[in-house]
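> In case you want the letters, here they are:
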Amino acid sequence: MKAAAFDYVRAESLPQSLELLAQHGGDAKLLAGGQSLVPMMAMRLLRPALLVDIHRLVELKAIRRDAKTVTIGAGVRQRTLEDDAELPAQLPLVVKALRWVGHAQTRNRGTLGGSLVHADPSAELPLAALVLDATLRLSSHGGSGRSVKTAEFFLGPMLSATAETECLTAIEWPVWQGKGVGAAFDEVAIRHGDFALASACAQAQVDGGGICRRLSFGAGGVDGVPRAFPQIAQGLVGKRLEQGIARDAAVQAAKTCDPGNDPHASAEYRRHLATVLIERVLLEAAQSAADSARSAT
Amino acid sequence: MSKDKLMKIAVKVNGVLREAQVEPRTTLVDFLRDTLLLTGTHIGCEHGVCSVLLDGDPVRSCCMFAVQADALSVTTVEGLAPERGQLSKIQDAFCEKHALQCGYCTPGMLIACHALVARNPHPDEAAIREAISGNLCRCTGYQQIVDAVKHATAPKDGSHG
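Chains as they are written, first to last, in our numbering: chain A, 1 to 297; chain B, 298 to 458.
Treat the hints with care, as some may be off.
Quick list of in silico lysine-lysine cross-link-like pairs, DSSO-like style, CA-CA up to 27 Å [claimed, not checked]:
{"id": "1", "chain 1": "A", "residue 1": "Lys179", "chain 2": "A", "residue 2": "Lys255"}
{"id": "2", "chain 1": "A", "residue 1": "Lys61", "chain 2": "B", "residue 2": "Lys309"}
{"id": "3", "chain 1": "A", "residue 1": "Lys61", "chain 2": "A", "residue 2": "Lys239"}
{"id": "4", "chain 1": "B", "residue 1": "Lys386", "chain 2": "B", "residue 2": "Lys447"}
{"id": "5", "chain 1": "A", "residue 1": "Lys255", "chain 2": "A", "residue 2": "Lys239"}
{"id": "6", "chain 1": "B", "residue 1": "Lys453", "chain 2": "A", "residue 2": "Lys29"}
{"id": "7", "chain 1": "A", "residue 1": "Lys2", "chain 2": "A", "residue 2": "Lys29"}
{"id": "8", "chain 1": "A", "residue 1": "Lys29", "chain 2": "A", "residue 2": "Lys149"}
{"id": "9", "chain 1": "A", "residue 1": "Lys2", "chain 2": "B", "residue 2": "Lys305"}
{"id": "10", "chain 1": "A", "residue 1": "Lys179", "chain 2": "A", "residue 2": "Lys239"}
{"id": "11", "chain 1": "B", "residue 1": "Lys386", "chain 2": "B", "residue 2": "Lys302"}
{"id": "12", "chain 1": "A", "residue 1": "Lys29", "chain 2": "B", "residue 2": "Lys302"}
{"id": "13", "chain 1": "A", "residue 1": "Lys2", "chain 2": "B", "residue 2": "Lys302"}
{"id": "14", "chain 1": "A", "residue 1": "Lys239", "chain 2": "A", "residue 2": "Lys68"}
{"id": "15", "chain 1": "A", "residue 1": "Lys2", "chain 2": "B", "residue 2": "Lys309"}
{"id": "16", "chain 1": "A", "residue 1": "Lys68", "chain 2": "A", "residue 2": "Lys149"}
{"id": "17", "chain 1": "A", "residue 1": "Lys2", "chain 2": "A", "residue 2": "Lys149"}
{"id": "18", "chain 1": "B", "residue 1": "Lys309", "chain 2": "B", "residue 2": "Lys394"}
Source of the hints: derived by calculation from the structure; they are not laboratory data.
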């Protein structure tokens with residue numbers, strides 16, 4: 001099937017895009033990489049009257065770094081992040097997540113912001129943003145803009161806090177300070193690059209003695225939104241992340257998930273996957289953090 | 298603006314500037330096949346067969362509209378060989394190693410492999426498998442495709458060429 005007819009404007013600036021959104025309200029959609037939007041239009045799940053193409057806006061492509069934060073423009077392509085030489089040291093979890101996002105062909109078009117706004121509960125970048133407690137910057141015509149934490153951004157399947165007249169412009173990622181930081185991302189999909197049946201990721205910091213000093217982890221595909229488990233993670237700080245402890249935390253976290261039944265996997269199976277994957281990423285992240293702590297000394 | 302408004306685009310396709318009037322909803326693959334009659338690029342959802350190079354990077358031409366390619370450069374499977382009637386090294390290796398049977402996936406596979414080799418002239422097996430992971434082949438079991446890329450990119454006589 002082909003997309004229903006629409007009008008197309010290639011935006012020349014962010015203010016122009018925001019003005020068009022304000023004029024057309026819900027009839028207009030922003031088009032970035034189009035790797036979700038274009039197929040959804042082809043299937044006629046969406047029929048916007050106007051597409052405002054923001055993919056070439058340089059304002060949305062900047063990557064700015066200081067000691068504590070990496071601010072990535074919403075229009076930065078996933079492939080650009082994959083090739084970024086500094087990101088593995090700054091945001092190891094994002095780099096691990098990107099390996100699982102689609103294929104080279106889709107990452108060459110797909111953008112960071114597009115993936116977040118699309119808010120697929122099984123997508124990797126929303127989960128990574130949630131687990132790292134990223135902040136999303138939204139702009140609208142005539143407004144001063146606002147910032148939303150990822151914990152308040154994902155509202156349901158394919159539903160984010162972005163208003164119809166707003167554009168996600170940049171994502172601020174906190175950089176974990178100090179040595180001994182490691183990350184892991186794992187998922188089960190029918191084929192590599194497909195949407196995950198379930199996914200999990202973790203970022204951990206351990207000291208020279210192998211004790212966990214900081215931890216954040218989460219799971220995707222097992223609820224209407226990506227899930228993070230800050231309280232369970234906090235309970236593991238001060239401990240050595242070993243198999244029994246990781247398993248208990250994974251079981252506890254998976255119990256709070258509410259996965260759906262669909263033809264690809266039952267809820268029970270998804271919860272099982274979440275348990276196995278969370279245990280695995282906790283151990284892998286701790287190992288990676290310990291390796292990093294050793295190599296830094 | 299009316300819904301059936303045509304837009305003028307100018308896309309460099311296989312080195313030649315092609316200008317046309319298209320509906321905004323025309324996908325890049327339909328523009329290539331139906332307007333320019335370059336039918337080497339195939340259509341098959343979730344299959345990778347519609348892959349083309351956009352400014353040198355592999356993308357799915359069904360997942361973008363032709364208007365998005367305006368003023369950019371597209372290479373299709375028809376543009377991979379150095380001269381008309383010739384084959385690229387990788388195309389030649391596909392013949393040599395029986396890397397195709399029905400041929401439906403071949404244009405997408407060739408695009409993915411050319412893009413890989415442009416970034417990584419001597420890829421190992423893992424890199425080759427990763428590069429073609431977005432392309433489905435129902436005939437070869439992929440092994441011959443991997444063999445073909447290895448064959449085309451192996452350093453010969455100790456020299457890189």
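> For each hint given before, does the structure comply? Return the numbers of the non-compliant ones in rising order.
1, 3, 6, 11, 17 and 18
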